[in-house]
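Once you have looked at the hints, place chain P on chain W.
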Amino acid sequence: MSGGISLLETRNLTIGYRSKKTFRVISENLNLDLWQGQLVCLLGSNGAGKSTLMRTLGGLQAPIHGEIYIANQRIAQLKPADLARKLSLVLTERIEAGNLTAREVITLGRTPYTGWLGTLNALDEEKISQAVTLAGAGKIIDRKMHQLSDGERQKVMLARALAQDTDVILLDEPTAHLDLPSRMEMMHLLHHLARQTHKAILLSTHELDLALQAADKLWLMEKDGKLTTGMPEDLVLNGTFEAAFARPGFFFDKSTGTFIIQSQPGNNSVSLSGEPNLVFWTGRALQREGFVIEGVQEAFCKIVVAEVNGIPVWEINWNNNVSQTTNIEALIKTIRFNVNA
Amino acid sequence: MPERIQSVKTLPKTAESRQKLILVTLAVCAVLFFILDIMLGSVKIPFDEVLNIIFQRKSENTAWLFIIEKIRIPKAVTAVLAGCGLSVSGLQMQTLFRNPLAGPSELGITAGAGLGVAAVMLAGGSSAGIYAISQLGISGSWLIITMASLGSGLVLFLILLIAGKIRDNVILLIVGVMIGTITLSVISIWQYFSQPEQLQEYIMWTFGSLGGVTQYHLYALSGVVSFGLLLAFISSKALNAMLLGENYARSMGLAIGRTRLVIMAGTSLLTGSITAFCGPIGFVGIAIPHIARALLGTSNHRILIPGTCLAGTVLMLFCDMIAQLPGTQTVIPINVVTSLFGAPVVIWIIISRNNLRSSFS
Numbered sequence: 001m002s003g004g005i006s007l008l009e010t011r012n013l014t015i016g017y018r019s020k021k022t023f024r025v026i027s028e029n030l031n032l033d034l035w036q037g038q039l040v041c042l043l044g045s046n047g048a049g050k051s052t053l054m055r056t057l058g059g060l061q062a063p064i065h066g067e068i069y070i071a072n073q074r075i076a077q078l079k080p081a082d083l084a085r086k087l088s089l090v091l092t093e094r095i096e097a098g099n100l101t102a103r104e105v106i107t108l109g110r111t112p113y114t115g116w117l118g119t120l121n122a123l124d125e126e127k128i129s130q131a132v133t134l135a136g137a138g139k140i141i142d143r144k145m146h147q148l149s150d151g152e153r154q155k156v157m158l159a160r161a162l163a164q165d166t167d168v169i170l171l172d173e174p175t176a177h178l179d180l181p182s183r184m185e186m187m188h189l190l191h192h193l194a195r196q197t198h199k200a201i202l203l204s205t206h207e208l209d210l211a212l213q214a215a216d217k218l219w220l221m222e223k224d225g226k227l228t229t230g231m232p233e234d235l236v237l238n239g240t241f242e243a244a245f246a247r248p249g250f251f252f253d254k255s256t257g258t259f260i261i262q263s264q265p266g267n268n269s270v271s272l273s274g275e276p277n278l279v280f281w282t283g284r285a286l287q288r289e290g291f292v293i294e295g296v297q298e299a300f301c302k303i304v305v306a307e308v309n310g311i312p313v314w315e316i317n318w319n320n321n322v323s324q325t326t327n328i329e330a331l332i333k334t335i336r337f338n339v340n341a
Numbered sequence: 001m002p003e004r005i006q007s008v009k010t011l012p013k014t015a016e017s018r019q020k021l022i023l024v025t026l027a028v029c030a031v032l033f034f035i036l037d038i039m040l041g042s043v044k045i046p047f048d049e050v051l052n053i054i055f056q057r058k059s060e061n062t063a064w065l066f067i068i069e070k071i072r073i074p075k076a077v078t079a080v081l082a083g084c085g086l087s088v089s090g091l092q093m094q095t096l097f098r099n100p101l102a103g104p105s106e107l108g109i110t111a112g113a114g115l116g117v118a119a120v121m122l123a124g125g126s127s128a129g130i131y132a133i134s135q136l137g138i139s140g141s142w143l144i145i146t147m148a149s150l151g152s153g154l155v156l157f158l159i160l161l162i163a164g165k166i167r168d169n170v171i172l173l174i175v176g177v178m179i180g181t182i183t184l185s186v187i188s189i190w191q192y193f194s195q196p197e198q199l200q201e202y203i204m205w206t207f208g209s210l211g212g213v214t215q216y217h218l219y220a221l222s223g224v225v226s227f228g229l230l231l232a233f234i235s236s237k238a239l240n241a242m243l244l245g246e247n248y249a250r251s252m253g254l255a256i257g258r259t260r261l262v263i264m265a266g267t268s269l270l271t272g273s274i275t276a277f278c279g280p281i282g283f284v285g286i287a288i289p290h291i292a293r294a295l296l297g298t299s300n301h302r303i304l305i306p307g308t309c310l311a312g313t314v315l316m317l318f319c320d321m322i323a324q325l326p327g328t329q330t331v332i333p334i335n336v337v338t339s340l341f342g343a344p345v346v347i348w349i350i351i352s353r354n355n356l357r358s359s360f361s
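Residue numbers (UniProt numbering), protein chains in the order written: chain W, 1 to 341; chain P, 1 to 361.
Note that these hints are calculated values from the structure, not bench results. Note that the structure is predicted; figures quoted are calculated from it, not measured. Built from N, CA and C at the ideal position, the CB exists for glycine as well. Any given hint might turn out to be false.
Claimed, not checked - With a Cα cut of at most 20 Å, we get these calculated PhoX-like pairs of lysine-lysine: (1) W:K20 with P:K165; (2) W:K127 with W:K86; (3) W:K254 with W:K302; (4) P:K70 with P:K44; (5) W:K21 with P:K165; (6) W:K139 with W:K127.
Said to hold, decoys possible - One-sided and incomplete, this derived list gives chain W residues near chain P with beta-carbon spacing under 8 Å: (7) A97; (8) G109; (9) V292.
Okay, chain W solo, but in the shape it has when bound:
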């Protein structure tokens, strides 16, 4: 795991914006470490300062105070070209170079290594094809950027960062514009990359459940700029995770690792038993509709779900009046009808 080398460190780092003589401090006294082979997710609600931290670590914005070290060198002292060989970025901004092919964009990742004309040598070619394979961008390599979907574009930008051949990769919300399957694919890819290539990968994201699953470590940024780090599971169990995102109206379910919308609990209690899979989804629907699920003794309505010849059947027992439905919508309708009667 994290027994390796620390690739990026911050010491007493204060981030924020300076305008003339005043500072607007976003977060201060940050002492963070990025380890080799680790995937770290930076989480925080909108406006917590994730992007500012990413920009500062990436060298796009000067820190207000403190130092950032990359491979034990202060980044403030590195020349742009030297920094570019140690750290690469994938940014949120949409690139406006649709007429370039994916391959041309990925080739740009070799910029810090090529001569003044940008001529590629055999090593450059090799790094590019490696990057393409790692990012899984082989099929789209000869397409123009404007012909690609958002997910494919993001893959190309990742391949470009990989071609840059740096120990550290920072990604600012790489899943922002992607649909769910692409988001999962991207996270899965990054998780594997960290393991496979021993790079340190830091990404900021809003995907809490994906981050919980894929990250080796979480950096949790709270509204007041406080930053807590730890293994995802530790942060869940000690309540830090829930505290960081707590809002009225929903709560974090520790048993499933997801946030759940809280509906006003009604006073109608039902009992639910049967096939676990069916019980799970039926329960979700009932809770959303405001029913309280209780034991068989207390409930005045008892529901049993079972699969009959491969078709799910809901049996409703209302004061010994038994009826059956074959979908949840009908089930809810029946119960509502009985409640109102």
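Using the frame of chain W, we list chain P on its own:
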């Protein structure tokens, strides 16, 4: 030493060979138009005589020899220089500002050069002997190039300064147009207080002409334009990186400040020197890069810069031929021709290829 491979080769075969074909076609057209441009004019000279004079530099008719060597060849060379220089400076600006509407005249750079020229012509008018560019000696040509380049550099610098604060392309363009307007009104004030003779020279200059550049001026212009084109070519790697935006370019190790300075210097030299001698030639700078992109189907500057040069040459020579109104004694200003005949061509190409937007989105 590992084997050197051109990055162009990594393109799929079909696109690559298509680009080569287009570049070769453009080059052939350029040579053809160059000879045609020398052939055409108010004095009729037979085709074989023209070839004789071009390739062997001799003819029995000394008048023809003089016309070709001293007037038509310099004019054709100037057309080539102006075509290359203006379109490459437009290309650099479109990439620098990431704006398809950027160009030397659109952002007021040409107006800045005009200010420099006005400073020499109108203010310098008091010292005897300076009336027209053609009468300026070798020192005069350098003076006017320097002033025009400084003028365009000043405007470009102002716009870049504002570009650093304003990220919005449309607002930037409006600001550029406004700065151009301010520059033009400064020139107008100057004109208002000038002597009529000086004014006439200046007005003639604003019509644009490729014919005013001879001998020393041509050497000076060729030198400066070549240097500007060299700067552009050296910047092609940086320009490619800039296509992804400034943040990405910086993350890939580009020293943004220095890159901007080199691109700015190249653009000012190209626009300034050409505008100084040929007058403010509109439209070429903004349109040719789009034509080149549409034809070659790429934003890669290593292909685009040569392509833009060739397309600019072809179009400028074509416009110059029309300007002479073949078969007549009249010559209309080049500025009018580029816009009147060039613009519809560009509209046609852009509409028929319909991939202008994709380069900027």
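Cross-check of the supplied hints:
Between the alpha carbons of K20 (chain W) and K165 (chain P) the distance comes to roughly 14 Å, so the proposed pair stays at or under 20 Å and holds. A hinted pair counts as satisfied when its Cα atoms are at most 20 Å apart, and K127 (chain W) with K86 (chain W) qualifies at roughly 15 Å. With a C-alpha separation of about 27 Å, the suggested pair K254 (chain W) and K302 (chain W) falls outside the 20 Å cut-off, and the hint is violated. Between K70 (chain P) and K44 (chain P) the alpha-carbon distance is near 16 Å, which keeps this suggested pair within the 20 Å criterion.
The suggested pairing of K21 (chain W) with K165 (chain P) holds, with an alpha-carbon distance near 18 Å, which does not exceed 20 Å. A threshold of 20 Å between alpha carbons decides the hint, and for K139 (chain W) with K127 (chain W) the separation of about 17 Å falls inside it, so the pair holds. Taking 8 Å as the C-beta cut-off, the interface hint given for A97 (chain W) holds, the closest approach to chain P being about 4 Å. The interface hint given for G109 (chain W) holds, since its Cβ lies 7 Å from the closest Cβ of chain P, which is under the 8 Å cut-off.
Of the supplied interface hints, the one on V292 (chain W) is violated, with its beta-carbon coming no nearer than about 52 Å to a beta-carbon of chain P, more than 8 Å.
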